[in-house]
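J.: Whenever a hint applies, use it, and build me the whole structure from the sequences.
Quick note, the sequences are listed as chains A and B, same order. Residue numbers for the first sequence follow our numbering, so the first one is 822 and each next one is one higher. Residue numbers for the second sequence follow our numbering, so the first one is 23 and each next one is one higher.
I should point out that these hints are in silico values taken from the structure, not numbers from a laboratory. Please read all numbers here as calculations on a predicted model, not as lab measurements. A few of these clues could be false.
To be verified - A few chain A residues that don't get close to chain B, going by computed Cβ distances all over 12 Å:
| no. | residue |
| --- | --- |
| 1 | ILE825 |
| 2 | ALA836 |
| 3 | ARG935 |
| 4 | PRO952 |
| 5 | ILE1114 |
What the hints assert, rightly or not - Incomplete in silico selection of chain A near chain B, CB under 7 Å:
| no. | residue |
| --- | --- |
| 6 | HIS916 |
| 7 | SER918 |
| 8 | ILE920 |
| 9 | GLY921 |
| 10 | TYR931 |
| 11 | PHE932 |
| 12 | GLY1052 |
| 13 | TRP1055 |
| 14 | ILE1058 |
| 15 | GLN1099 |
| 16 | LEU1102 |
| 17 | SER1109 |
| 18 | ALA1112 |
| 19 | ALA1117 |
What the hints assert, rightly or not - Computed beta-carbon distance windows for the label pairs:
| no. | chain 1 | residue 1 | chain 2 | residue 2 | range |
| --- | --- | --- | --- | --- | --- |
| 20 | B | LEU51 | A | SER1014 | 25 to 35 Å |
| 21 | A | GLY885 | B | ARG216 | 54 to 64 Å |
| 22 | B | THR340 | A | ASP827 | 53 to 63 Å |
| 23 | A | ALA832 | B | ALA254 | 23 to 33 Å |
| 24 | A | GLY1048 | B | GLY164 | 26 to 36 Å |
| 25 | A | GLY885 | B | LYS191 | 41 to 51 Å |
| 26 | B | VAL34 | A | ARG946 | 51 to 61 Å |
| 27 | A | SER942 | B | GLU251 | 20 to 30 Å |
| 28 | A | TYR987 | B | ARG162 | 50 to 60 Å |
For every residue, glycine included, the Cβ atom is placed at its ideal position computed from N, Cα and C.
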Amino acid sequence: MTDILDILISANFWAAALRIATPLIFGVIGALVCERAGVLNLGIEGIFTAGAMAGWMAVWLGAGLWGGVLVAAMAGAFFGLIHAILTVPLGLSQHVSGIGVTLFATSLSYFIYRTALPDVSSPPRIEAFKPLDIPGLSDLPFLGPALFQQTPLTFLALLLVAVTAYVLYRTPLGLAIQAVGDNPAAVESQGLSVYAIRIGTVVAGSAIMALGGAFLTMSAFDAFFFGMVNGRGWICIALTVFASWRPGKALIGALLFGAFDAFQVRLQTEVGSFIPGQVFLMMPYLLSIAALIVVARRADYPRALLVPYFRGQR
Amino acid sequence: MIRFEPRGPSSVSRMLGVSIAAAVAALLLAAIPMAFAGLSVFEGYSLMVKGAFGSLFAFTEMLTRATPLILTGLAVAVAFRAKLWNIGAEGQLYAGALAAVAVGTGVISAPPYVLIPIVIVAGALAGGLVMLGPTLLKTRLGVDEVVTTLLLNFIILLFVQMMLEGPMKDPMGMGWPQSEPILDAAALPKLMDRMRIHWGLVIALVASLGVYFLLKRTVWGFEIRAVGENAAAARHAGIPVTATFIRVGLLSGALAGLAGVGEVAGLKGYLTADLSPGFGYSGIVVAMLAGLSPAGVVLAALFIASIFVGADSMSRATGVSNYLADLIVAMALLCVLVSGLFLRFKIRFVGSQTNQEAAE
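T.: Written out as structure tokens, the structure is:
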């Protein structure tokens, strides 16, 4: 019992939790933005992969770290645009289009990676983002190491939560996004274009998702691997429901998730000899399903989620 | 501007035309990545055609690859017909394979005509039970089945790895995480000497016939289609919607489980954690390309299988990555989604809205 307490009050533990949470924060924010506009984006898993690959490759080719971040976001925006065109003006199944975008983005990323690097045995590493050491703040007890020794992408993720919350709740654009996800006909009658708002939101949300992938190659692993996204995108879709489509709750959900994951990794070193490693690896997925079950009864889906809107009807 | 006008039910020939158009469009689009990899389109496709159809061996390899794709395609088609979004065929396939290995490697010894049916039933049952969970969560609690089935894919694969490194590990496997070999009496017989093609193909074809009759000729099939058209209206009309979802979930999972049985008891002979190169996900493409029709699933599976087998052979000859196959398959899904618009709508190019209103 004291062991568990020791883990929970150690700064390293919370630093790890925030690190694990970072890609999920990008993913959940991206997914909830899309869904707030009424579009489920199951392209997320592939967009993560595309962001990871594109960001890594840009840095590897010499674009610089922030150049890589920009390229990753543009890759995400590109696949988001495909999903948006298929689902918004064409009104096609959001489920199938999303899966299609995931398959497309994943296979395209793998193909480009393999074509650029036909026979490498170990994936080339890049000089990734370094933890940002903020003099003064980093030396604070507890909070310092946990919060102020993260890479710049983690700060970008936290900033995005605040920006997203501000835009959604405090700006006319945000109100319009919420309205196209709840009652598109009312938006159209205000003289705004439902199509333009939905397409723009899905493109922006997808660019944000791609940053979650970019974090994996540019902050966490320093290289690109096949299968490295490993279901993180799907976990984000589950966390979006858990977070009731609210940016603040999304941050809390992702942090809880990161904390749980960091905790089980530490637990693994304690009891790993009795329990097979796969049990621990299953935890994130089981936890996501559990999170869905917990909120299922009171999940307050955006009312027009999955419902295509056709101009001039209804 | 473009206007979509709804169309009535589609003829078989139009459905076929739309699917073929989508397949051709995907093949044409693939010219771009091929050129990027420095391969001429003509050379690429002639190598792929040769790789899938160039010899009896190539052709049987293609049919062998199509076998699991027919079954996962059927699994997805049945589920999507009822708008039960089962994206978990990959996991259900592994569950079926695991069950086949559990009963087929020596726990039960019996002659083939007893043991083979046991292996088949065990695999189907395991796949069905895996899909039962997400289905019940959907009908009882309203949990979205897309995410639960997707997440289960990862959970089941980890479970399989756990079993293969633990209780089900082959002690004679030189330390590799693989199961004990399937008994000869439990293995699906080969269809031809010196070829890998096996009775799984017959099972797959019989399954597609079965699904065809189920959907076309039975009350349950009618109920499945009615629920898929409009679940609320179906409930209103007295159709047992929840029971239909559960039946569809069990059937869909069972079909995917059979794909796992075929791969492990017909092809590989033992289970490893890399049994399926994504047959469950490709099954979604197969089903969509088939317009969710069981007969179409067989044709679409043959097409997708020839892409995979052809691209493998092309890759060996030229060094161009065989991820090209996955890319073509993914583009085929997006293309068939778009071309499906031509089935549901007449697409009219009309003048500006004001002209349109003036005309009316």
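J.: Are the hints correct? Go through all of them and say.
T.: Going through the hints against the structure:
1. ILE825: Given a closest Cβ separation of 24 Å, the condition holds.
2. ALA836: 26 Å, holds
3. ARG935: 4 Å, violated
4. PRO952: 30 Å, holds
5. ILE1114: Check fails; 6 Å does not lie beyond 12 Å.
6. HIS916: 5 Å, holds
7. SER918: 6 Å, holds
8. ILE920: Status holds, d = 6 Å.
9. GLY921: A:GLY921 check passes; min Cβ-Cβ to chain B is 4 Å, inside 7 Å.
10. TYR931: This interface hint holds because 4 Å falls under the 7 Å limit.
11. PHE932: 4 Å, holds
12. GLY1052: Check passed: Cβ of A:GLY1052 comes within 5 Å of chain B, closer than 7 Å.
13. TRP1055: Hint on A:TRP1055: holds, closest Cβ of chain B at ~5 Å, below 7 Å.
14. ILE1058: Interface hint status for A:ILE1058: holds (5 Å vs cutoff 7 Å).
15. GLN1099: This hint holds: A:GLN1099 lies near chain B, its Cβ roughly 4 Å from the closest one there, short of 7 Å.
16. LEU1102: Holds, about 5 Å.
17. SER1109: 6 Å, holds
18. ALA1112: Constraint on A:ALA1112 not satisfied, violated at 10 Å.
19. ALA1117: 4 Å, holds
20. B:LEU51 - A:SER1014: 25 to 35 Å: Given a distance of about 29 Å, which is inside 25 to 35 Å, the answer is holds.
21. A:GLY885 - B:ARG216: 54 to 64 Å: 57 Å, holds
22. B:THR340 - A:ASP827: 53 to 63 Å: 57 Å, holds
23. A:ALA832 - B:ALA254: 23 to 33 Å: The hinted range 23 to 33 Å is violated for A:ALA832 and B:ALA254, with Cβ atoms some 53 Å apart.
24. A:GLY1048 - B:GLY164: 26 to 36 Å: 31 Å, holds
25. A:GLY885 - B:LYS191: 41 to 51 Å: Since A:GLY885 and B:LYS191 have Cβ atoms about 48 Å apart, the given range 41 to 51 Å holds.
26. B:VAL34 - A:ARG946: 51 to 61 Å: 55 Å, holds
27. A:SER942 - B:GLU251: 20 to 30 Å: 53 Å, violated
28. A:TYR987 - B:ARG162: 50 to 60 Å: Taking Cβ atoms as reference, A:TYR987 and B:ARG162 lie about 38 Å apart, which means the hint is violated.
Going down the numbered hints, you'll see the structure goes against 3, 5, 18, 23, 27 and 28, while the others check out.
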